[in-house]
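Chemist: Guided by the hints, dock chain B onto chain A, whose structure is given.
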Amino acid sequence: MAKNTKPRPGENMRLIEALQYKLPPAGWVSILHRVSGALMLLFLPLLVWLLDVSLGGEVSYERFSNAFVAGIGFVPAFLLKLVVLALIWSYLHHFIAGVRHLWMDVSHTFTAHTGRITALATLGVSGVLTVVLGAKLFGWY
Amino acid sequence: MSDNYGSKRLVVGAHYGLRDWLSQRVTAVVMAVYTVLLVVQLLFGGKLGYERWSAIFSQQWMRFATFVVIASLAVHAWVGARDIWMDYVKSVGLRLALQVLTIVWLVGCAGWAVQVLWRL
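Read top to bottom, the protein sequences are chains A and B.
Be aware that the first sequence starts at 1, since it is given in the numbering used here, and climbs by one per residue.
Be aware that the second sequence starts at 1001, since it is given in the numbering used here, and climbs by one per residue.
Treat the hints as calculated values from the structure; they're not laboratory data.
Backbone N, C-alpha and C fix where the C-beta goes; we use that ideal spot for every residue, glycine too.
Watch out, some of these pointers could steer you wrong.
[What the hints assert, rightly or not] Simulated pairs of lysine-lysine, DSS-like, Cα-Cα distance not exceeding 30 Å:
hint	chain 1	residue 1	chain 2	residue 2
1	B	LYS1047	A	LYS136
2	A	LYS136	A	LYS81
3	B	LYS1090	A	LYS22
4	B	LYS1047	A	LYS81
[Claimed, not checked] Stretch by stretch, here's where chain B covers chain A in the computed footprint (C-beta under 8 Å, at least three residues):
hint	segment
5	30–38
6	41–53
7	87–99
With the rest of the complex left out, here is chain A (with noise of 0.2 Å):
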């Protein structure tokens, strides 16, 4: 690292330094639940777009379902999963991490050892559900 960007006390971290450190896993799921709602709040219109299409109807809903088959307008299916992918987990990581904080804020129980555990069960419990809904979405099963 070079000598100007080390930070003097009381001085923020730089983005590069900050991307450098170590984070435990509760770090983790702390920064991915900002990251999560960002990403939905940002891909908000799809997810009402979706819902829009998916119940306007039988033709609409056709359009719905060929649109992960064949794509929509200049959107290729493919890229079309690829973000509905990213919804899927931003809501399960989202959801699991905020009953996580939920239950931290009610109980007042949280240890250490319970945080580091808790937190390695959403990012797991997250990731599987992903992938086992990731697999419905890309029709592997």
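Modeler: Just chain B now, kept in the frame of chain A:
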């Protein structure tokens, strides 16, 4: 506030912190319960196609619940997005612009979703 003077005068903060913190958690619970209700309906009831999918959302209680969730999501996402802008965007002008954009984004999406819900 009658005692907001002298040494007790409040000199820092806008004092919406607790209200926002609490509303984010209450809306989270509302959305979590709704998620469970929706997933249960999706898992049980046979093959999922247009018939069953639209039937779920044409029940009056589901419209009621979905509308509450749309409103909850807007409040929840607003608090979250505002936290992000406050943490990372130092320029007051840019932050205000991003906050306005967030509100426009959320209100627009919420209106659209409500229209989808009651068009059926």
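Chemist: All hints are to be evaluated individually against the structure, with a verdict given for each.
Modeler: Outcome of the hint check:
no.: 1; hint: B/LYS1047 / A/LYS136; result: holds, 14 Å
no.: 2; hint: A/LYS136 / A/LYS81; result: holds, 11 Å
no.: 3; hint: B/LYS1090 / A/LYS22; result: holds, 25 Å
no.: 4; hint: B/LYS1047 / A/LYS81; result: holds, 21 Å
no.: 5; hint: 30–38; result: holds (count 3)
no.: 6; hint: 41–53; result: holds (count 6)
no.: 7; hint: 87–99; result: holds (count 3)
Comparing the model with each numbered hint stated earlier shows that all of them hold.
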